[in-house]
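S.K.: Make a model of the complete structure from these sequences and hints.
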Amino acid sequence: MSVGSNIKHDSSYGHVTGTSIFVDDRSPLRNEIHVGVVGSPYAAGNLKKIHFEEALKLPGVLAVYTAEDLSHNRWGAIFKTQPLLVDKEIGHFDEPVAIIAAENKEVLPKARKLIKVEVEEKEPLFSIDEAIKKEQHVYKATPIIKGNVDKALKESPRTLKGDFECGGQEHFYLESQASIVYPLENGQLEVHSSSQHPTETQHLVAEAVGVPFHYVTCIVKRMGGGFGGKESQAAPFAAYAGLCAYKLGRPARLALTKDDDMAMTGKRHPFKNYYEVGFDDNGKILALKADLYSDAGPYADLSSAILERAMFHIDSAYFIPHAKITGTCCKTNLPSNTAFRGFGGPQGTMTIESIIEDIAFETGKDPAEIRKINLYGKETNNTTHYGQLIDHNPLPEIFEKIIQKADYKKKRDEINKFNKENNGKLRGLSLGFTKFGIAFTAKFLNQGNALVNVHLDGSIQVSTGATEMGQGVNTKIQQIAAHAFGIPSNLVQVMPTSTEKNHNTSPTAASSGADINGSATLKACNKIKERLKIVLHKHWAGEISDGVKEYELEDCGDLSHIVFEDQQVLDKKHGHKISFKEALSIAYFNRVSLGSYAFFKTEGIGFNKEKSEGKPFNYYTNGAAVSEVEIDEYTGELKVLSTDILMDLGRPINPGIDQGQTLGAFIQGMGWVTGEQLYFSDKGKLLSHSPTTYKIPNIQDTPRNFTIEFIENNNNHQAVHRSKAVGEPPFLLGISVFMAVKNALTYRSRERVKLVSPATNERILEQLSGNMNN
Amino acid sequence: MRDKIIFYLNGERQEIDAKDAFTSLSTYLRDDLGKTGTKVVCAEGDCGACTVLVANRKNIEEGKLVYKSLNSCITFLHLMDLHSIITVEGIAEKDKLHPVQESMMVNHGAQCGYCTPGFICAMAGMTDNLKLKEKPIDEKTTKNYLTGNLCRCTGYDSIIKSSLAVKLEEVKPLYERYHSDEMLEEFKDLENEDVVLKNNDRQIFLPSRIDDALKLKKEETLLKCTSGATDLGVQINKGRHEMTKVLSLYRVQEMSKIEKKGQEFHIGATATWHDIEKALKNDIPEYSKLIHIFASPQIKNAGTLVGNIANASPIADGTPFLFISEAKVILSSTDGERTVPVTNFYKGYKDLDLKENELITKVIIPIPPKDHFLKLYKVSLRKDMDISAVTFAGLGNIENGKIKSIKIAYGGVGPVVKRLPKTEKLLSGKEWNEKNIGEAVLQVEKEITPISDVRGSAKFRTQVSKNLLMKYYREIQSQYGIEQGK
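Residue numbers (our numbering), protein chains in the order written: chain A, 29 to 802; chain B, 6 to 491.
Calculated from the structure, these hints are not laboratory results.
Incorrect hints may have been included.
Simulated crosslink set (DSSO-like; lysine-lysine; CA at most 30 angstroms straight-line) [as the list claims (entries may be wrong)]:
1. B:Lys24 <-> A:Lys85
2. B:Lys145 <-> A:Lys445
3. A:Lys453 <-> B:Lys250
4. A:Lys448 <-> B:Lys380
5. A:Lys453 <-> B:Lys435
6. A:Lys711 <-> B:Lys355
7. B:Lys148 <-> A:Lys133
8. B:Lys435 <-> A:Lys438
M.R.: Okay, here's the thing in structure tokens:
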């Protein structure tokens, strides 16, 4: 059985041999040109003029294009307000203002240096607090309100007021933004893009050059990592290449350098969240009032949806009886922030996890105890602050198991002892949850379609809107199709994603790639199977098919006794059996279609923002992690001693892939809250624009002891084959490392520890330095 | 005199002329040969996606070429003369995958696949090395060999598991598969031949004897000297430097030597960090340990100590130790040799006591006396593969609970790496106790002039600098329990 088995990633052979083709690996075509992007030299101001005459004189430079050359110059996934190329107001440093087309890539940096951008400078704005003060925002969310928070706060025996701040994060997908556009006949364009959203890329390219959508096909074979960074922000770069290809009638290649990619594109949203929490003496939360502020950068991009997901996830895994959650996307002059694995969920969750640590400090209890008494219950206290019932809540079970598995109590005792020794090292421990809502909160995005073509030799091609970025969605789809027809998975090939085969697709995002596209695939497979069953039913019943007569597709009643197994089709009731290939042959000669298309939409979701009620999520993916850290008290350096993870992933379609997603997400989350710090100059230029200065975790940074387990859960009927989405949820478990640092610092502090994320050694040392002996 | 670079790529002989010799190896592979398995991500030797394996005659152990990992993005073709190079395309034997490839497939070691070819090369290099040394694959070794490869998808766990699952007995080593007497014979025949490549305004000199190198240094102006070019490669890739004339010393056999002479190490200008780390392991383990986290294996296989010295960066991790061990640099020219103590070598930010016609040919490191207390600390945002915010070197001579003398140097706290003479003087002759160190810590602050940048604020650097002296004291105290007067 293919579904549930730990088969290899469908690209693994290509990956290990170096034969997988990424966009910039495509062989150059005759006449192909290279495209470079010119960024703004200021973070704010009005664009006066772009002087590029000198650049045009360089041998090899073919053209320089600016906003004037675009047919349409406003884009945006939700609000179409962002220019592709600056036409008037500059939003941020290194924002694209012009593009260069050249015969070779060597001349691009030289040309760039010769292009002078004349700007009437304006005072830029770089911080959330400043934006709040000046009331600069790109979006304000409808508040989520539950109960009467003011009254509940007033009646709470204890309250805490404060703010929690977390930084941004560079995606650092290894393959930088890349596109190649081939001009076809009559103004048509074939776009190859490293994009999570081929449809949006198709649309944007068409709009930029001024052709209807059906003139443009966008094809995505694979990405060298996406993580949200290629959900909306891949499209503009495809549009730049598209414009050059269209204008010059030559294939155009744009492959950003890592430095340009990091400087030009948006990142995870930093948040600063102000809160007041009411609780009793046991640490039970009675009310939470929180005002969330994200740093959106200059444009809306996906910021509004990210903010709303942060508001939805401010409960982490805890029941909040009375809540009022507001949200604002602040407008700043930093690169326009965008989707990143977790999509606001981590920033919301981290806020309450930090509050929990503070409540523990205030009440003198172990933070795990506070977590336990606030955890969503199975029968009671199982409705979120936005009114969704948590069905089949596994959190209490997960809590008990992770405490055991991680040996939490023993670790705590040892840490208590260790920290008394004062040997220059300090340890901390924390437990963190993820209860991640699965579904796009924009309801309309929860749709997908699939095309399944069965060939006469019994092999199958499947095309869906899902894009492969390493997460294994193609492998899961391969398994779903193979499982449906009872054939080995190597007889199924998932084809490059293309807008000519699958239309109006949603981005591969929100962890829902396999849920939506896998479901659509299964539906398409089932349609073909139903036809084959009818054909075989007639065949076995001895109906005549002789060149004059043929098997007609008509209702034959219940045919569930005909099943597809081991490359055969079996009639379990009447004992017939035929090879899958032969069955296909019979169907083909009876002129029965062996291909099918299916449409899928997630049922039963929808949320009314005004009333704060409904069901934004299809279900939740849950998990917990316990992390233990050690700090060098002289330098603030951090080591993660151990992490134990427990996940509820339903019944994984591919446990190996899900394990890889979980561990990879965890480490990425750990990086976000520890060493990954974005550093901008006082002019707003990103200075940490390469791995020399921006430090993602390396192999030595992984927890010294690192374990993972899945709980058994057969109840998730909301997703294909009772699986659960996995891409984002475990990212939130990385937060446990931050909370362990915070916990460690409490051992040397008389006050609540106010730690800003990421917990770099500088920030840690800052906390400790008041307590150093010198 | 030869005007072509000769190397073997996956067993095939290649000749490169002046026109292409400045091309980076990765560009040559991808754009000229269409071997796109090798990926370029950062183009600055900091992610390992472009890792390939290389070896030359210096890397012969037990008659075999032992391949080492290298970042092909910052390696110019002119640095590859008489090398055997293996790329990801050469790891499998025709259709038969290498065991590391099989294991990475089965154990989900690849997700998006962009870093994978680099990992595959580094892992195949590891299995060769371990097989030759008859050592097993364990977790620590795996991590050490793969420190220079970044992955954003897997969280590394599946890569580590893939490595551990490889059965070394099933590995057919590259040193056997790519062994060719003919090739080695050719390398031997050609290694004493000078190579000069000229193309329009670009010139490359690859002498094989030190005298010729010195002569060139005298005759040619504006000559950029390199060996591994691990920094120059970055400067060029990032458009900060345009290379026109280069003198590369890696072919000068006698310059790569590391010799122990009495109580000194004589380290040749082209000796790599990797070789130095190994050579100093027993006599100066503390320095060896620092070199361990100095950089990635790929960089340590190419970069040199002398490069670190000549680069004159105030955050050069390798130099504070040289300041307290009172190392000397040997400067050679056609006029002869002069010896300059490292402490006098730096006159200001990137300003060296080095004449136009001189080459640094050697550095002499006295081995610190066994009964002196040496500690070297490097503080960086990430422990491995990062550039430091602050480095500390301390060497104390403590007798009968008294500080007879102490040498303290810092990096990252001023325009140059520096000793702290006032702090040293303050401590000299004092009792070895917490109170006196505490007073010295206050002096440290007065002697350093750190700045704020992407690696840390001035405030942080000051605090760390102070703390490191205290850490030095406390660690020695807890390790050796020196008896203290009341």
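S.K.: Run through the hints listed earlier and report the numbers of any the structure violates, in increasing order.
M.R.: 3, 7 and 8
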